[in-house]
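The listed protein sequences correspond, in order, to chains A and B. This note's numbering applies: residue 1 is where the first sequence begins, and numbers increase by one. This note's numbering applies: residue 471 is where the second sequence begins, and numbers increase by one.
Simulated from the structure, these hints should not be mistaken for lab results. Keep in mind the model is a prediction, meaning the values are calculated, not measured. Glycine residues also receive a C-beta, built at the ideal position from the N, C-alpha and C atoms. The reader is advised that the hints may include incorrect statements.
[Stated by the list, open to error] One-sided and incomplete, this derived list gives chain B residues near chain A with beta-carbon spacing under 8 Å:
(1) Thr525
(2) Leu534
(3) Ala555
(4) Asp558
(5) Ile567
(6) Phe569
(7) Asp582
(8) Ala587
(9) Thr694
(10) Gln696
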Amino acid sequence: MNLLRLSFANLTVSPLSSAVNILLLALGTASIAALLLANTHLASVLQRNAAGIDLVIGATGSPLQLVLAGVYHADVPPGNIDSKELTRWAAHPMVASAIPLSLGDSYDGYRIVGTVEEFSDLYGATLQAGRFWHRPFEAVIGSNVAQSTGLETGDTFSGNHGLVASGDTHDGTPYRVVGQFLATDSVLDSLIVTSTRSVWLMHNTQHQAEHREDGKLTDHQGEDCVNFQDCDQVTEGGEESHQPENNEAHAHHGEAIDHDELNLHFNDPAFEDHPQIGDQSAADEADGVNEEVTLLLITLSSPLGMLSLPREVNAESSLQAASPAYELTRLLQIVGVGLNWLKTFAAVLVVSAALSIFAALYASLRARRHDLAVLRCLGASRSELFSLLFLEGFLLTVAGIVTGLCFAHGGMSLIGYWVSDGRGLTITGWAWAPEEFLLILGLLATGALTALLPAWQAYRTDVSRTLTAP
Amino acid sequence: MAVTISQNKQQRDTPVLEIRNLTFGYDQALLNIDSFTLAQQESIAVLGPSGCGKTTFMHLLTGLLRPDAGSIQINGTEITTLSEAKIDQLRGQQIGIVFQRMHLISSISILDNLLLAQRLARVPRDKTYAGRLLEQLGIADLGNRRPTTLSQGQVQRAAIARAVAHKPSLLVADEPTSALDDKNASDAITILKDLTIGNSAALIVVTHDERVRASLQRTYDLTTGQ
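Start from the sequences, fold in the hints, and give me the full structure.
Here's what the structure looks like:
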């Protein structure tokens with residue numbers, strides 16, 4: 001029988017009171033810990049997905065929207081830009097690499113991204129199965145896409161217009177899965193990646209079909225389809241009917257469009273093995289392909305470029321350059337205001353719990369003052385009585401902290417399990433936020449302060465007076 | 471060997487408790503004791519009406535109160551000049567106390583109460599001895615029960631067991647029979663005497679219970695000093 005066991009035994013005398021105090025502290029601890037975890041996780045996910053991307057160049061509009069659309073694939077892009085811009089900015093001395101992204105379609109909620117192979121290098125991705133695309137309408141899928149949709153190498157699927165599953169389907173021009181990425185714990189896991197040309201051909205074919213109907217095929221290019229959203233609007237208003245009778249037919253108003261025309265493109269050597277869009281431009285222009293990309297992901301060759309290049313882009317073209325790092329900081333600041341309010345609320349919970357523990361210890365001290373006096377008579381020193389009460393407060397605090405951390409991490413694990421279809425966001429409770437250690441230290445200090453006064457009162461117990469008191 | 475014999479003789483000759491010229495009072499003198507001595511294996515009933523200072527006397531000789539003047543020696547150690555920490559240590563090791571209201575620690579079992587007394591007295595943990603004490607007092611089967619589940623007589627026996635669990639040389643009992651019926655009171659005094667005398671200790675029972683008076687070897691009246 002030592003003091004620790006005695007302290008623990010004393011806490012079990014009023015199990016309900018102890019449980020309530022532990023629960024109160026646990027709720028406060030869990031609230032703060034969960035916020036810290038969420039904040040850290042969000043920042044980590046955002047930073048990981050933006051790694052290697054110094055700038056995003058795209059159509060003018062909200063820079064945050066541009067970054068959200070181009071880096072995190074969490075927003076619609078502000079518009080499209082001419083692919084000639086890629087040639088221009090890729091050749092800039094401050095630019096180490098420029099990767100084009102063409103967005104606008106999706107499959108089962110997962111975005112289809114037209115780009116170049118180098119895009120996967122941004123996330124350190126390697127192929128788990130298959131190969132990269134060699135021809136248009138060949139795609140490589142991320143790990144979440146494979147897991148969620150069940151697609152495997154060799155399967156075909158038809159993309160939807162827009163970024164939701166309910167959009168019109170390109171049943172006549174299906175993609176074929178030729179490869180699958182290993183999981184990267186990044187947004188790439190939730191993307192379907194194909195060549196830029198696939199996206200161009202997909203939408204160019206659609207436009208050609210629409211304008212063939214209207215007899216305006218030759219006047220179409222670039223006139224009324226500023227971006228893919230506009231394309232979607234045009235499509236939706238055009239009473240089109242996609243008939244999935246086979247992979248080579250595409251019907252509008254019941255009129256079948258022969259995809260031999262597309263197959264001609266596929267078989268044309270000019271469409272094969274062209275990782276750089278600039279090389280394809282001439283062929284595409286000759287083919288009447290609508291040469292637009294949604295945005296460019298820029299990696300700078302020198303940090304100095306962060307100062308000069310955005311200014312140059314904004315001043316010398318109709319485009320805008322947005323820095324993911326800057327926009328990320330801005331976003332986290334905006335989110336941080338809300339988090340701070342929640343943290344304040346959680347801190348109030350912790351303080352309430354601390355006061356409750358104080359009240360419980362103090363009440364316990366008064367109820368057990370004879371016990372404490374008897375302990376002195378049995379030979380316990382003043383410091384041992386101090387330790388006894390202090391340990392009781394400390395045990396309550398530790399129990400509250402451990403329970404709270406279990407709540408927070410268990411809760412995060414459950415949330416991670418519920419959203420495990422992972423639209424680019426992987427949540428886990430099996431991680432620690434660095435600030436959690438500070439939180440634990442702070443809570444222990446609060447618990448120690450809470451126990452200090454009752455422990456001091458125990459230290460000062462007047463044995464003789466207490467034993468003779470009624 | 472000769473040294474050992476000499477030491478043993480000295481131990482036997484040294485009173486367990488010796489009080490000289492003791493005075494204590496709050497606003498006015500409450501206690502005046504010229505001389506009080508208690509040897510090993512002696513038992514004494516300290517008598518006096520309510521308010522005469524019986525409990526104060528007990529607190530003085532156990533070091534819970536310090537006298538205004540005079541000397542109190544326990545086994546030759548002057549406790550009035552000891553630091554509080556030393557008194558705590560001496561009290562834990564050499565004195566056993568049975569309280570008027572029993573005061574067992576309610577959050578732990580009877581057996582743990584005995585082991586706690588050993589722990590606070592800084593003597594080696596002796597669970598066997600503690601179990602034997604409970605057996606001797608007829609409550610061996612109650613060792614794992616908490617005090618709140620026992621009858622008053624059983625609690626009294628447990629309190630006595632705890633007071634002697636660390637083998638003290640002086641056992642002080644404050645009104646140990648005040649809340650007991652005749653049978654339990656008689657049993658309690660018998661047990662106290664057996665455990666004290668059998669362990670070469672000394673017993674002081676502070677009481678105003680006439681039932682106790684006849685059972686002990688000597689009496690001391692605080693009001694007369696005789």
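Here is how each hint holds up against the structure:
1. Thr525: holds, 6 Å
2. Leu534: Where the cut-off is 8 Å and the nearest Cβ of chain A is about 5 Å from Leu534(B), the hint holds.
3. Ala555: Holds, about 6 Å.
4. Asp558: holds, 5 Å
5. Ile567: Since chain A brings a Cβ to about 5 Å from Ile567(B), closer than 8 Å, the hint holds.
6. Phe569: At about 7 Å, which falls below the 8 Å cut-off, the nearest Cβ of chain A leaves the hint on Phe569(B) intact, so it holds.
7. Asp582: holds, 5 Å
8. Ala587: Since chain A brings a Cβ to about 5 Å from Ala587(B), closer than 8 Å, the hint holds.
9. Thr694: violated, 23 Å
10. Gln696: Hint on Gln696(B): violated, closest Cβ of chain A at ~25 Å, above 8 Å.
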